Structures are given as C-alpha cells and as structure tokens.
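Required output: the full structure, derived from the provided sequences and hints.
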Amino acid sequence: MADDVVENFRPTSGRIMGVIALAMVAAVVLIGLLDREQGFPPVVMWAALCVGVVVWAAMLRPRLWVTTSDVVMRNMFSTVWVPLVAVEQVVVRQVVALKAGDQRFVSPSVGKSWRQTLKSSKEPKPGATQSYPAFVEERLHQLTEEARAKSGVKLLSDEQLALADGVRRSWAWPEIAVLVVTFVGFVVALII
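Residue numbering for the sequence shown follows my numbering, beginning at -9 and increasing consecutively.
No lab work stands behind these hints: they were computed from the structure.
What you are looking at is a predicted structure, and each value in this text was computed from that prediction instead of being measured.
The beta-carbon is built from N, C-alpha and C at its ideal position, and this holds for glycine as well.
A hint or two may mislead.
[As the list claims (entries may be wrong)] Straight-line C-alpha distance at most 25 angstroms; calculated SDA-like pairs for lysine to any residue:
hint : residue 1 : residue 2
1    : LYS144    : HIS131
2    : LYS89     : ARG158
3    : LYS89     : VAL62
4    : LYS140    : GLY91
5    : LYS144    : VAL62
[To be verified] Each pair of labels, with its calculated beta carbon distance range:
hint : residue 1 : residue 2 : range
6    : VAL178    : LYS144    : 41 to 47 angstroms
7    : GLN132    : MET14     : 26 to 32 angstroms
8    : ALA17     : ALA139    : 41 to 47 angstroms
The structure is reproduced here in structure tokens:
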C-alpha cells in the first residue's frame, strides 16, 4: 500500500560538498583509467571509489518526508518508516531525532549548524520563521498532533506505545553491496 507524500523536507547540509567530492572522485578514477603511465595507481582509484560510495550515502542519500501515515527517514544505509501517531517527541538539533515508544530514530537530512544549535539553546523556543530546521521541527509537531487527533490516540498513552511497534526498516542493499565491493577492491589492490 503506497502512501501519498504529504510533505517533503529539503536537506539542509552537505549537498554542495557532496557533489564536489563526487566530482573529485570521478576525476581521480578518470585520470587513473585514461593515463595508465602517469595516472593514479589502482589502489588510489579503489580508495576513491570507496570514498565516493560513503560520500553518496552520507551526504546525498539522506532525505526526510511525511506520508499520510508515516514519517520516512532515509539514512545512509537504511530507510525507516515511523507511524505518525506513534511519534512522541520531535527535536531538530544537528540532526532530526524522533522518539516513538522506547526507541529513538535519527536522520542527518535536516539539521542546524553547530552555531545555530548553540544559539537556539540560549534563546527561548525558536519560531518557525527563524530558520528552516526550526520550521521542519514545528511542521513535524503539527503533522504528528494532527495524526493523533484524527485517530483519537492520546500522547504517551498505552495505545501510542503499542503503535510504536509499527516502525519498519528496510536496508539499502545496493549501497551496502557497492561499498563492500569497493572496499574489497581497495584491500586487494593494496595487497597486490
């Protein structure tokens, strides 16, 4: 059953640096392949490919969105679906953190810089107009409250705790497989 996306939150950090890093990885591999005599040795190319996979997974893959029934957090190597009605607490600091039941779920897709986090801890509760991460936090609060009100589930009730068992996780097998292959390639090139 596919849920409709209610809100898609844009990532707040790492995009530009991630694209630059991937371009550098591509340049290293391309130079290594095209210039066999003066280019980079295979161990450097395999290391660059390994770094490229980690950059992709850490900086470009993470996303956060809300469907009609779940908060979806796509992280480095997994995607987590947390039922909206099960979310007890939402906090956006350097990462987004959700609490559902006795579990805590974290996503680096939206977050405040270290300076913003320090500044917001000294000020009263930030309004949604102060920064995009504050808007995301406020919007997630609204969406979870609306979902609880619609379903008649009270905050911190036994019913909400039971709904936290509905959390699903799927692993990003393509990224994991490519990381393993590139790391094995690096080790083999290092030994040879």
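Check each numbered hint from earlier against the structure, then list the numbers of those it violates in ascending order.
Violated hints: 6, 7, 8; rest satisfied.
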